[in-house]
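**Student:** As a plain string of letters, each chain reads:
There are 2 protein chains.
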Amino acid sequence: MHLTGVRNRKTQTLPHTPWHRLRQAQKNKHNVDSRFGSVTFSITSLPVHLTVSPAAERLRYILGDDEDTMPTPTLFTEMDTLQQEDDELEWRESARWVKFEEKVEEGGERWSKPHVSTLSLHSLFELRTCLQTGTVLLDLEGYSLPQIIGQDKISFVLLRKHRHQTKKPIHRSLADLGKSGSGVSECSIFISPSIPTHTSRSMNDIADTPSTDQLKNKFMKKIPRDAEASNVLVGEVDFLEKPFVAFVRLSQATTLGGLTEVPVPTRFLFVLLEPPGKAKSYNEIGRAIATLMVDDLFSDVAYKARDREDLIAGIDEFLDEVIVLPPGEWDPKIRIEPPKKIPSADQRKSVFSLNELGQMNGTAGGGGPVSEDEEMFCGGLFLDIKRKLPWYLSDIYEGFHIQSISVVLFIYLGCITNAITFGGLLGDATDNYQGVMESFLGTALAGTVFCLFSGQPLIILSSMGPILIFEKLLYEFSKNNGIDYMELRLWIGIHSCVQCLFLVATDASYIIKYMTRFTEEGFSSLISFIFISDAIKKMVGTFKYYPINIDFKPDYVTAYKCECLAPDTSKSILGIEHVSFEMLNITALDWTQLSKKECVKYGGSLVGKSCKYVPDLALMSFILFFGTYTMTVTLKKFKFSRYFPTKLRKLISDFSIFMSIMTFVGLDMLIGLETPKLIVPTEFKPTRADRGWFVMPFGKNPWWVYLASSVPALLVTILIFMDQQISAVIVNRKENKLKKGCGYHLDLLWVGFLMVACSFMGLPWYVAATVISIAHIDSLKMESESSAPGEQPQFLGVREQRLTGILVFVLTGVSIFLAPILQFIPMPVLYGVFLYMGVASLSGIQFWDRIKLIMMPAKHQPDFSYLRQVPLRRVHLFTLVQIVCLAVLWILKSTFLAIIFPIMILGLMVIRKMLDMVFSQHDLAWLDDILPEKEKKKKEDEKKNTKKDKKKGKGGDDSEDVSVLVARLFKERHRLLGFK
Amino acid sequence: MHLTGVRNRKTQTLPHTPWHRLRQAQKNKHNVDSRFGSVTFSITSLPVHLTVSPAAERLRYILGDDEDTMPTPTLFTEMDTLQQEDDELEWRESARWVKFEEKVEEGGERWSKPHVSTLSLHSLFELRTCLQTGTVLLDLEGYSLPQIIGQDKISFVLLRKHRHQTKKPIHRSLADLGKSGSGVSECSIFISPSIPTHTSRSMNDIADTPSTDQLKNKFMKKIPRDAEASNVLVGEVDFLEKPFVAFVRLSQATTLGGLTEVPVPTRFLFVLLEPPGKAKSYNEIGRAIATLMVDDLFSDVAYKARDREDLIAGIDEFLDEVIVLPPGEWDPKIRIEPPKKIPSADQRKSVFSLNELGQMNGTAGGGGPVSEDEEMFCGGLFLDIKRKLPWYLSDIYEGFHIQSISVVLFIYLGCITNAITFGGLLGDATDNYQGVMESFLGTALAGTVFCLFSGQPLIILSSMGPILIFEKLLYEFSKNNGIDYMELRLWIGIHSCVQCLFLVATDASYIIKYMTRFTEEGFSSLISFIFISDAIKKMVGTFKYYPINIDFKPDYVTAYKCECLAPDTSKSILGIEHVSFEMLNITALDWTQLSKKECVKYGGSLVGKSCKYVPDLALMSFILFFGTYTMTVTLKKFKFSRYFPTKLRKLISDFSIFMSIMTFVGLDMLIGLETPKLIVPTEFKPTRADRGWFVMPFGKNPWWVYLASSVPALLVTILIFMDQQISAVIVNRKENKLKKGCGYHLDLLWVGFLMVACSFMGLPWYVAATVISIAHIDSLKMESESSAPGEQPQFLGVREQRLTGILVFVLTGVSIFLAPILQFIPMPVLYGVFLYMGVASLSGIQFWDRIKLIMMPAKHQPDFSYLRQVPLRRVHLFTLVQIVCLAVLWILKSTFLAIIFPIMILGLMVIRKMLDMVFSQHDLAWLDDILPEKEKKKKEDEKKNTKKDKKKGKGGDDSEDVSVLVARLFKERHRLLGFK
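First to last, the protein sequences are chains A and B.
Take 1 as the starting number for the first sequence in the UniProt record's numbering and just add one per residue.
Take 1 as the starting number for the second sequence in the UniProt record's numbering and just add one per residue.
Extracted from the complex, chain A is given alone in its bound form (with noise of 0.2 Å):
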């Protein structure tokens, strides 16, 4: 039990010797027993930050030289240990680590969940103690291996058959059932003949066949391709008297029989037998070399070490990197779930390889780069067609998947929603000029085409409010002013579009620079608060259309009726009673079977108290919007839940709106009732007979209204700029990861064609729809499947195409076909899905977030990295800002000033501007983005300040970290919006 500093230092790397004279010649060696009684090492090798340890010196010149190698494969690691079953020993598998570790469990035959090994640090030292001492095999060749097990007992114990636990129970009979704890099934082979002869039987002989259970094992998508395994074996055999220690590379991966559960070559052998009493110690051990061996780094040390010592160094830089948690507070029992991310290995990897640090600032991901200088005319279309372009052919297949169907039902149910109710509206303002038909056969025209060849074909096209009022305004003065209103809306739109067309050439989306994550979000929270807000309104409407009689009484049934009486007119007749008996007998006949309708039409008077209610319609009404939200809202959840396995919940959760408005229409179907429902028109002509599908340029008004026209249509090439760039810009947003790039100029030189085109067939103008074309991307969004077992499914990004959006407006022009289907679904059930988009639509907005912490004690918080750096009253004090923003913003919304509501960005851009005074940069920068004008200083800045760090060498991190951080915000903010 006593302790030395001394240290091993013989390197005792000899490759190609047979095992087991080696095993002989550490037998003599170390002869003493207690040797793992007491762990005796000294740690040399921690090294200090920016000082180089003998150990890293090491790993540097074994990992840092070689550049053009191979990467070293990915290592799956398997755990055996020896076990006694029916007085005959066997291998059996204990755990498995691809990245984290997967146990057995003891009792319940199963693997558990996939878990952070927590090791024990005693355990990493006496791993360390056996490299040291133990038998160390570089690069053996795999064939010699069966020559060099020779007639010896720890042969005959290696070569004991392997059982592997499978995912599958073994299928048993009834009469197992009363038996217990003993159903490990078997899929393993036998390696050697169960009696202990003396056998030279080679594992070699089965290496180049995986057995079928291998092969059958459904594990093997888990593991990359070019993995291969390293073995873990430890047991305790009684013929010991002290441990046998052996780490083996094989210079080639080789397959050697039932040795891995799965048909993966094994590179690594990690032997220990040792004599009976520690197992628990030993297997502790076990775990240890395992979890090195799925280490990145030491995975590259173990491939490339040339002698002991580069483990031994390995193992000490693995030390030096451990995290600690100590005793008291922790119970080392609970399974460590796997973190959602994981520092990529390549950092650590980084110190030991020199050349490898300046790779770490490249680009990452994005559209391309933009060359920064070209000035042009019409410089900013040609980049966007340029950065298009060659995405188009992927942009139609890549819609091939089954989540598209999902998407196009969604998306088309909420379009033909927005079209008719917009429809509907319009029709209102301009006494059917354009009604529900030409609201439908616009957004499918309009919609197909910018799909197929906008910049952002994820942006669906949709009709606007404002828009909405500057039509009834324009009627209402063309009305007045004897003006042909179609020919005047011709005009403005053709004015409006050469406006477009110039704010393309002149590259002056440029502007949106200037949209930070302040005013985006400001803008798109009203949007969706509008839309919530219209839900509710419209289903508030309901209760207004079917009112409720309040005062019924079930008992007094009797008092309730509607009678049509005839118009007083009949009551004049009355008089004359005798002439008029007969038809007085048939007028009221007649009254009486009319319905309300029909009653009013005819002039007649309804007299009753059941005339103004109707009964239950607006309760059921109720019952289907609340629970097509509720149910879309859990089914989405249903994601995150337990149930089932993983593909059908995300399927339940990809399919959710389709699935509650089935199941909302098939209710509403079940009880019958005549609740208010959605009506397409059936027939392709134009809402008012008295125009037709093209508006003619000229004849009806005076030339001057042609030229006059230009100023109204500013208004409109300003709303419509407005709207469709800050539509693009949340959908370009860097949070949504898009690969393929934006457009902003080709998406508003198509908005501008369409203009035209619409104003030319009389047609209602589209701009970018925020709620719906954030809906379309959420739910067009891709995880990774996830790899490792414990690995978390990453965002990958969304799935960029034009064929969902073309679908979906092909679909809304064909609706006219489609409606005796559509007629089954209730209007309740669409302001269900609408409210579902607009609640939708607000997770995710950094801006919703920190409304909520409002509500939050700091303690419960969640850990957001603004929170960690800008102060709490200060996080609070923005988001006030923005509400108060928001609430004057909905206040003038609801005046007349709504027609000029895109405009007010604009404010909201000014008021950003404005907080600059307010808020330093530091803060800005965490909480919004920051403004570019700022580059230039701030770059500037970023120099002095580093100058000055360097001269003090200390201090000054928070300057610094602004700086860094602004000129990197801006940076990716301008690759991101692809201007020069």
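Note that these hints are calculated values from the structure, not bench results.
Since the structure is predicted, the reported quantities are computational estimates derived from the model, not experimental observations.
Warning: the hint list may mix true and false statements.
Selected chain A positions facing chain B (in silico; Cβ < 7 Å) [to be verified]:
#: 1; residue: P332
#: 2; residue: D555
#: 3; residue: M855
#: 4; residue: L872
Here are the simulated BS3-like cross-link-like pairs (lysine-lysine), alpha carbons at most 30 Å apart as the crow flies [to be verified]:
#: 5; chain 1: A; residue 1: K218; chain 2: B; residue 2: K859
#: 6; chain 1: B; residue 1: K677; chain 2: A; residue 2: K612
#: 7; chain 1: B; residue 1: K597; chain 2: A; residue 2: K561
#: 8; chain 1: B; residue 1: K650; chain 2: A; residue 2: K636
#: 9; chain 1: A; residue 1: K386; chain 2: A; residue 2: K538
The beta carbon of each residue, even a glycine, is placed where N, CA and C say it ideally should be.
Keeping the supplied structure of chain A fixed, place chain B upon it in accordance with the hints.
**Tutor:** Quick look at chain B alone, frame taken from chain A:
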């Protein structure tokens, strides 16, 4: 950078030596500035399991010997770092520890959430070196501290003012808003003038008067009363060439002015001043010592250490126990939330004090020891009384708590709803011999008495379904055979009571030993399902009671009416036109004015399309029903949300049912529809006028009836016994952590007594109601107020008292006077509460968890301990057996066999017995409890196994586990049931 294995073994513990002199000595001795550059040490003391290392021996010596000394105080640790603020140095608080770490967010100026301190192994080793080479002053006299701080730069630095992070931000002027990131509040005091003069002003000057800021600090509440502080001071100073390290333990804890943020006297000081350049690394050393100081074991060591070596032994012990996370599997930046449960430090300590080991197997909690072999007449009863009597006083005063109000309201509403439903049904069954009035009176009487005197006052008495069926059959039998029902019933009651007393006297409640989890959960699930199905049935009933006119077309409202037509007799009168003209007029007028009921009453016929239908009420009822349920569930969950302070959340959660009821009663009043309301009797008289409040035992029936009634009484007795005892078993479940013990015999005694009393007064009979009792217990659950930040509140047990029960039943009694209030409560709201009760009583049942498991893929299943031990298919098989049992019971319950329903529970017990043949005792021990007969056999097995194990020295893990587990489980169960 060279490595030395040499270890400095000189003990430098020189108490009462002036600090600066020591520092000087240190300076001279260690003159290598690279001392920190490479960490050099040899860990020699990591003890292997069960062997004693020198470090462990040291610890055993200092920790193990003093049995009678006081336990060491809890340590609060604060870490301050030296910061430059406007060219002036100051100490700024950077983190603190009560148990977990709370960090001052750099930019956020706030405390982070408490988290597990993740240390780097590196910093721990560096700390070890610091303690090996630095100054260690143990038991320094507090008052001498000012004197020993001499005229020296270091003392100047140490005396800089201290800034602490307070939770509340200081109010600052608006002019301040423009500045950023500088808002650290000042709640410190100046220890020395800000100009670096050579001052001898001591810390002690202000030591006795903690500043008001300190006293006002609310954080004080989180620190135990007896706590002492340890202060860690880490800073960079440019006048030092090598680090200055000092670990000081004061002989008496002293308040050192503004050193600590809270007025806690300081006992330990750790100072680390170092030359500039490696602030981060030194901060990590500070965090390491701070974490060590709050470690239970190390703080003991720190208090009792005799010299430097003891401290180092403490670190070594700590290192040996740490948990290591591999760098590739975890991101050190993730703050690990404190675990729900931390292993007790006692186990770690017990290794070092031998005489504590024996205490590990003591009994915890429970209703006191029950002598196992006491056998006498009424033995169980006397034991029950003996056990419960001492608690009687606390049973009353422990009821005074805000939680009780909510509980009383909740359970009261449950009880009266039950009383009304049951009373109505019973009235129908017995021609109102027992009606709603009797039900109320009986509930009040039986409940109050039971809660006052029973053994388990948490049980709520109520009427039960099987009793209802029995009464119905009995009434029909009496009516058909001319026997007086009330008298017969009285005699059955008397016989049943006698039989109950016999059961009490013979300690028959012993049988419930055979009610394992299998039976318990089967029974309570079934009752819960009945509750849920009843609630839904009643809701569906509303749709039948208020039928919706599905064919209603709003436009044809004119076609809907309901007229009351006079009966045919008037038709004949109509024949005599002349005579009856006036009469007809009058009659006709009358008929149309009649209400539906009146019309039917006077023989009129209702004609019209709307007669059969009632608008809106059904749907409104559904909204109320579903809304109440959903809101209750949502509010209950609100406890786990992040919003609002914990106390408010808890209040909302506690009052969730009350708030939901109020909300939907309010909504109902607001809308004003005539939904079905709760109507309670308002006059105190028997429902049937021809019966009084007392039933005479003799006179109406022949004599043999008095004797013969003992036969049906037997059925009633079994009914009552089973129902009562199984509910009691569920209430006394060990998961509920009841401390005042149980009283099965006493309970049964009072149920018997109450039966006679109720029979004499002609009131229904009462037994324990499973679902309401579970709801009672659940809403009385207590959780610990979390003490140290980050520690999870623990479930402490149930507020065991008689007050809530008594109040519920007194309120039930006076409900007659509460009728004006109660009449506002719609029945659907109460059905919603019923649904909630049923669903809530299902949760927390293992059976229910296992049903959910069936739908989960193995990898998503929660980490239940039985899943680690029992193969999944065995678990599923067990669940399946239970499901089949329940299905059979459910079918039987729906037939006339419902009357013997509780007896069927015996069937469950038989099936459970049979499961012994299908499942191994190991599996059953994990999934269920072990049946008592097995005890002896198992004990023998256990002995055998132990012997075998010892002989073999290995293996046999499973069998040992089982027998120990079986023995433990049985012991536990035995004790909890309180039987001899």
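**Student:** Going through the earlier hints one by one, which of them does the structure break, listed in rising order?
**Tutor:** Hint check: 9 fails alone, others pass.
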